[in-house]
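Peer 1: So the chains spell out like this:
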Amino acid sequence: MTAFFRMGGYAQYLWPAYGITFAVVILNIVWARRTLARARREARRRLAVRDEPVLHGEEV
Amino acid sequence: MSELSLRGENLHLWRGERHVLRGLGLEVAAGEVLQVTGANGAGKTTLLRALCGMLYLEEGRIVWNGVNVRDDMPAFHGALTYLGHEPPLKADLTASENLRYWVGLRRRLEPARIASALESVGVPGVASELVRTLSAGQKRRVALAALPLLSVPLWLLDEPTTNLDTEGQKLVGSLIERHIRAGGLAVAAVHHEIFVSPQHLRRLELSKS
Amino acid sequence: MSELSLRGENLHLWRGERHVLRGLGLEVAAGEVLQVTGANGAGKTTLLRALCGMLYLEEGRIVWNGVNVRDDMPAFHGALTYLGHEPPLKADLTASENLRYWVGLRRRLEPARIASALESVGVPGVASELVRTLSAGQKRRVALAALPLLSVPLWLLDEPTTNLDTEGQKLVGSLIERHIRAGGLAVAAVHHEIFVSPQHLRRLELSKS
Amino acid sequence: MTWTWFHRLGSPPHIYRLATRLTPWFAWPAALIIVAALYGGLVLAPPDYQQGDGFRMVYVHAPCAWMSLMVYTTLAVASAVGLIWRMKVAYAVAASCAPIGASFTAAALMTGMLFGRPMWGTYWAWDPQLTFELVLLFIYLGYMGLRSSFDDPQRADRASSMLAVVGFIDVPIIHFSTTWWNSLHQAPSVLRFGKPTIALPMLIPLLMMLLGFTLYFVAILLVRLRGEILRRERSASWLREAIVS
Amino acid sequence: MSGSAVLPAAEVRAVPSAFDVAVLALARDLRLAFRKREQLIQPLAFFAIVTTLFPLAITPRLAQLREVAPGVLWVGALLASLLALEFLFRDDAQDGTLEQYALSGRSLTWLLFAKTAAHWLLTGVPLALVAPLAAGALGAPAASLPSIIAPVAVGTLALSLLGAIGAALTLGVKRSGVLLSLITLPLAVPILIFGARATELAIAGESFVAPLELLGAFAVLGLTLAPLAAAAAVRISLE
Amino acid sequence: MSGSAVLPAAEVRAVPSAFDVAVLALARDLRLAFRKREQLIQPLAFFAIVTTLFPLAITPRLAQLREVAPGVLWVGALLASLLALEFLFRDDAQDGTLEQYALSGRSLTWLLFAKTAAHWLLTGVPLALVAPLAAGALGAPAASLPSIIAPVAVGTLALSLLGAIGAALTLGVKRSGVLLSLITLPLAVPILIFGARATELAIAGESFVAPLELLGAFAVLGLTLAPLAAAAAVRISLE
Ligand code: HEM
Ligand SMILES: Nc1ncnc2c1ncn2[C@@H]1O[C@H](COP(=O)(O)OP(=O)(O)OP(=O)(O)O)[C@@H](O)[C@H]1O
Ligand SMILES: Nc1ncnc2c1ncn2[C@@H]1O[C@H](COP(=O)(O)OP(=O)(O)OP(=O)(O)O)[C@@H](O)[C@H]1O
Ligand SMILES: [Mg+2]
Ligand SMILES: [Mg+2]
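Chains as they are written, first to last, in numbering that gives the first Met the number 0: chain A, 0 to 59; chain B, 0 to 208; chain C, 0 to 208; chain D, 0 to 244; chain E, 0 to 238; chain F, 0 to 238.
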């Protein structure tokens with residue numbers, strides 16, 4: 000097992016590389032979900048405004 | 000069809016999260032000026048910029064002489080001039096150079112016409128002074144001098160009387176009056192009275208959303 | 000000596016080749032507002048900037064509470080605020096951040112006061128919006144909100160009503176009125192009527208050279 | 000008639016619903032394949048005769064590098080489609096690609112550097128492929144910077160799409176630079192014309208990784224795409240239906 | 000025909016040609032530059048500073064300086080050209096000039112071509128003229144100095160054209176700042192590489208025709224494509 | 000005492016101290032920078048681009064790059080720092096903030112000190128943190144990289160302080176631009192020389208205490224003198 004983690008002496012480069020890659024993988028998932036959630040919130044707010052009656056536009 | 004006309008139909012526009020124009024309709028014909036009024040933040044600037052195609056309309060269309068302007072933007076732009084909150088003058092050019100380069104993009108101009116235009120807006124002395132050294136009202140007058148020189152039919156004016164003294168505010172009225180009498184049309188956002196004869200004037204009041 | 004007063008004596012000033020202020024004298028006492036009028040280019044902005052020491056006077060002196068201001072510039076600056084043609088707001092800060100940093104240089108401020116100041120100038124909703132996204136009149140109102148917060152006795156206002164709707168122009172009047180009733184004094188360059196009670200108002204008409 | 004599918008492709012509500020439905024079909028296979036490939040690459044594959052266990056870094060480096068190029072290609076193609084056919088959804092795809100691609104380009108650079116230290120004895124060299132990969136990162140950043148500096152999403156779409164199309168020249172430069180110049184970096188051994196040049200037990204996990212990351216990319220893209228569509232669609236009544244679901 | 004009073008027939012004939020408009024815009028930019036002299040000297044000053052600082056920061060041994068001279072020269076020229084580009088467009092965006100261009104209904108291709116030409120005349124040409132001096136200071140032999148001019152002149156032309164596209168893309172943006180560099184520099188890398196190569200050969204006294212031809216090819220490509228692309232970009236960002 | 004209503008006694012006590020004012024101004028600049036992210040990344044992007052362009056233009060051979068690395072690093076840092084300085088003051092001059100500072104009656108020394116600190120925090124510190132990466136890319140051995148940070152950090156502090164004087168002198172000038180560089184750069188030459196020397200020694204793995212101490216001396220001198228000089232300069236240019 001320790002041999003596995005030592006990776007033939009390359010551990011100090013190999014594990015950071017894996018760490019970086021999977022950090023990016025996870026981050027992308029989190030980011031994507033968060034942008035979707037934010038877009039939904041904004042859309043909801045817009046819909047609320049839209050439901051109000053049209054106030055202006057009358058010529059006097 | 001030979002009559003000039005500008006029509007906005009069902010205009011919808013958001014700025015950021017605000018639904019500023021909500022189904023607005025308007026119409027101006029040759030010989031008319033449409034005064035847009037409304038409280039600060041009601042959307043006057045937004046409307047004017049949308050009319051000249053600088054803001055994207057979510058819905059609705061703008062019709063110039065019966066043609067949707069999206070179909071021929073350059074022709075529409077060639078027929079209008081827009082004057083915004085800030086006069087589009089180069090601080091390091093003189094007043095007459097500014098007019099020469101600004102108007103010269105669209106019309107051949109004799110220098111004499113520039114001089115007489117500056118005189119007609121009450122700043123005959125500034126022709127060869129750098130715009131950097133002019134007072135706020137003098138700058139505004141130089142920008143106004145460009146309007147008749149451009150000789151385009153449609154004027155979109157956003158608070159053209161800013162920084163002007165009372166005499167200057169009358170001047171704006173008479174500039175517009177002369178323009179629409181010659182068959183032009185104008186949309187102007189002005190808070191106070193515009194000095195034009197009432198039969199030419201129409202009003203559009205924007206209310207704050 | 001305990002009464003606040005501002006006096007200008009024999010002010011002379013050139014801008015470039017123009018002799019703009021030519022032996023001008025003026026006086027304002029606590030409880031008064033001096034309205035400076037004059038055609039565009041008459042020298043209103045020049046006068047206001049000279050009064051707060053940002054333009055070099057060729058001749059003459061400015062006296063604050065009996066003391067020549069040259070003798071104690073920081074004290075004089077600490078007692079005045081100057082609002083020019085352009086509201087000094089950072090486009091990338093929100094309205095309330097702008098006020099916090101601008102006023103905070105001079106006074107400790109609770110956030111609640113900023114909110115109420117914005118409300119008193121009619122833009123309660125913009126506190127947390129970037130100034131970049133405000134309309135011209137909304138920006139002007141935010142700048143006006145700073146005036147009472149600063150609580151300095153002398154206001155120098157250069158066309159404070161620019162871009163404001165009619166309700167906003169009344170607002171400027173009532174801001175000034177409240178200030179001078181509390182013993183402050185103001186010099187304001189405004190083309191049209193200022194809405195303050197006539198007994199507080201004095202006028203200075205600059206004629207064009 | 001035959002073009003109905005194309006128009007449906009351009010219809011935001013349709014795409015929105017499709018994206019919602021398809022996401023799990025990409026996400027779960029991606030997870031499974033990547034985990035299997037990890038096992039294959041870290042445990043099953045024998046050490047390289049030259050690079051020893053260090054070669055196992057390729058199982059993260061190559062997918063990252065592959066993502067950086069593939070995502071940019073998607074971005075550029077979507078941009079071109081948007082410019083030519085004025086298709087809103089294509090712009091939304093392009094906009095969704097950028098942050099994904101940029102992050103994987105950064106990852107490719109970093110894993111490459113970690114790879115380079117034991118293999119070449121240096122973290123960095125001014126080798127054409129490496130340099131242009133760095134340039135690709137700058138292009139991604141420029142694209143995102145350009146997008147974010149427009150207030151108006153429609154303008155942002157069109158302006159940034161032109162940049163994306165112009166910037167595409169960088170992708171073939173990166174891919175073929177190892178063949179054009181004789182460089183430090185390994186020439187393509189998998190993605191080449193003809194047969195791959197590495198041993199099978201090493202190759203299979205690598206191929207699985209590439210496949211897994213591609214599926215993963217599609218899944219992330221679909222989620223981001225929905226956000227972009229929601230942000231663009233202001234008027235349609237289906238918005239209500241979309242956010243209720 | 001009430002419109003005729005506003006646009007009488009005589010006026011319609013008075014509309015200047017696209018070429019006239021370009022000449023006018025060019026004249027305007029040049030006049031402005033000569034009036035704001037700092038805009039004129041800014042690129043030169045920047046270039047001079049970069050090439051002066053460099054020998055101070057590394058070793059003053061000329062032999063070594065000569066080796067890095069092409070790099071210093073070209074990085075300096077590239078950055079100087081780019082800074083001026085930002086300058087040229089930022090001012091016009093701020094004071095509303097570009098808005099007026101876009102709303103004039105005139106062909107933007109020609110207007111942008113004029114702005115690009117002004118940029119090259121105001122930065123590329125002076126840089127090309129000063130480059131031999133800088134190269135000399137960095138230890139290039141006197142005989143090689145005249146041949147420094149051509150690559151810099153051609154390279155900066157290509158840079159100006161490339162920069163025009165970037166500038167046009169960022170035209171709708173109020174605060175472009177670093178964005179323009181970020182967009183343009185990655186695409187300018189080939190010009191830099193071939194330019195430095197040409198200068199290196201010139202300093203070594205060898206024939207630099209091959210890289211110069213490549214630079215020329217970039218410039219010609221740019222001349223034919225850049226104004227079109229830039230105009231398309233402007234139309235896009237102001238539509 | 001009618002003035003008392005305008006300035007009641009309670010209000011007078013509410014006047015913040017000079018230090019509070021400085022903290023407020025610093026907070027403002029930092030907040031602004033984090034909001035306009037391009038202002039934050041501008042110096043870093045510039046530095047990154049310069050250090051990327053050099054190897055492309057000179058030679059990709061690391062052995063040779065290593066010799067010019069200190070020069071590239073310091074010229075890049077100097078220019079990045081200076082460009083940001085112009086930015087930091089230009090915006091404030093344009094929107095009237097500096098005018099309000101000058102008319103506030105508060106000590107300009109502290110306000111300018113705050114602006115200088117903001118400048119260093121926003122450019123010097125990030126540059127110092129990125130410099131090892133750049134040095135590594137230019138072939139500096141990995142072991143030497145941590146020791147790259149200190150000279151750059153101290154040197155950029157001295158640069159910021161020096162730049163503040165220049166910026167203050169050009170404050171009354173609306174379009175400072177190139178003027179600032181012309182005033183500041185000649186004075187920055189000693190910092191450049193000692194900084195490059197320190198970096199050179201650091202890369203070679205030798206002791207760089209001597210030049211670092213000199214840089215430190217410049218910084219300390221700057222800390223004591225620069226805010227005073229800058230405030231005097233502002234008072235002159237706004238009188
Ligand atoms: C910072 C340094 C590095 C960068 C920026 C980098 C970049 C890239 C890129 C862009 C690719 C994709 C190429 C393509 O699909 O055309 C790639 C693939 C690859 N890289 Fe790197 N690389 C770096 C260092 C290394 C090192 C040190 C090694 C190993 C000695 C390495 C081994 C590989 C391998 C095996 C592939 C897969 C090629 C294939 O089979 O198609 N890389 N790298
Ligand atoms: N920097 C300058 N250099 C030269 N002349 C100047 C300068 N600034 C102003 N002037 C001149 O001084 C005169 C007064 O200008 P000022 O701005 O004070 O006028 P004003 O009364 O404020 O006008 P407005 O109502 O238009 O604001 C003007 O004729 C102007 O041309
Ligand atoms: N870029 C923007 N982002 C977000 N909101 C904006 C933006 N520009 C304007 N707005 C908002 O749109 C509304 C209308 O602004 P607009 O400038 O059209 O008002 P206006 O009627 O011209 O007001 P004023 O009389 O003050 O000039 C305002 O509430 C403003 O806050
Ligand atoms: Mg408005
Ligand atoms: Mg004035």
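Everything labelled a hint here was simulated from the structure, so no lab data went into it. Don't take every hint at face value.
To give an idea of the interface, some chain F residues facing chain C are shown, with a C-beta separation under 8 Å as derived from the structure [unchecked claim]:
1. 17
2. 25
3. 31
4. 36
5. 37
6. 94
7. 102
8. 104
9. 108
10. 181
11. 182
12. 185
13. 189
Using 30 Å as the maximum straight-line C-alpha spacing, the simulated DSS-like pairs for lysine-lysine come out as follows [unchecked claim]:
14. F:35 - D:87
15. E:35 - F:35
16. B:207 - C:207
17. C:207 - C:169
18. B:207 - B:169
19. C:169 - B:207
Covered stretches of chain F, as calculated for chain D (at least 3 residues, CB under 8 Å) [as the list claims (entries may be wrong)]:
20. 49 to 55
21. 59 to 67
22. 112 to 122
The structure displayed is predicted, hence computed values, not measured ones. Ideal Cβ placement from N, Cα and C applies to all residues, glycine included.
Peer 1: Against the 30 Å threshold, does the CA-CA distance of residue 35 of chain E and residue 35 of chain F hold or violate the hint?
Peer 2: With Cα atoms ~28 Å apart, residue 35 of chain E and residue 35 of chain F stay inside 30 Å; holds.
Peer 1: Holds or violated: is the Cβ of residue 37 of chain F closer than 8 Å to a Cβ in chain C?
Peer 2: violated, 11 Å
Peer 1: Holds or violated: residue 207 of chain C and residue 169 of chain C, Cα atoms, limit 30 Å.
Peer 2: Holds: residue 207 of chain C and residue 169 of chain C sit about 28 Å apart, inside 30 Å.
Peer 1: Double-check residue 104 of chain F for me: the hint is only fine if its C-beta lies closer than 8 Å to a C-beta in chain C.
Peer 2: holds, 3 Å
Peer 1: Holds or violated: is the Cβ of residue 181 of chain F closer than 8 Å to a Cβ in chain C?
Peer 2: violated, 25 Å
Peer 1: Taking 8 Å as the limit, does the beta-carbon of residue 17 of chain F come near enough to a beta-carbon in chain C?
Peer 2: With a closest approach of 10 Å, the residue 17 of chain F hint is violated.
Peer 1: Would you settle whether the hint for residue 102 of chain F is holds or violated, based on the nearest Cβ-Cβ distance to chain C being less than 8 Å?
Peer 2: At about 5 Å, which falls below the 8 Å cut-off, the nearest Cβ of chain C leaves the hint on residue 102 of chain F intact, so it holds.
Peer 1: Three or more residues of the segment 59 to 67 of chain F near chain D by CB distance under 8 Å?
Peer 2: holds (count 3)
Peer 1: So, residue 185 of chain F near chain C? Judge it on the closest CB pair being under 8 Å.
Peer 2: violated, 29 Å
Peer 1: Does the segment 49 to 55 of chain F contain three or more residues whose Cβ lies closer than 8 Å to a Cβ of chain D?
Peer 2: Holds, because 3 residues of the segment 49 to 55 of chain F bring their Cβ atoms closer than 8 Å to Cβ atoms of chain D.
Peer 1: Quick check: the segment 112 to 122 of chain F, covered by chain D? Criterion 3+ residues, Cβ under 8 Å.
Peer 2: violated (count 0)
Peer 1: Do the numbers back the hint for residue 94 of chain F, that is, is its least Cβ distance to chain C under 8 Å?
Peer 2: holds, 6 Å
In summary, the structure is inconsistent with hints 1, 2, 4, 5, 9, 10, 11, 12, 13, 16, 22 from the numbered list given earlier, while agreeing with the others.
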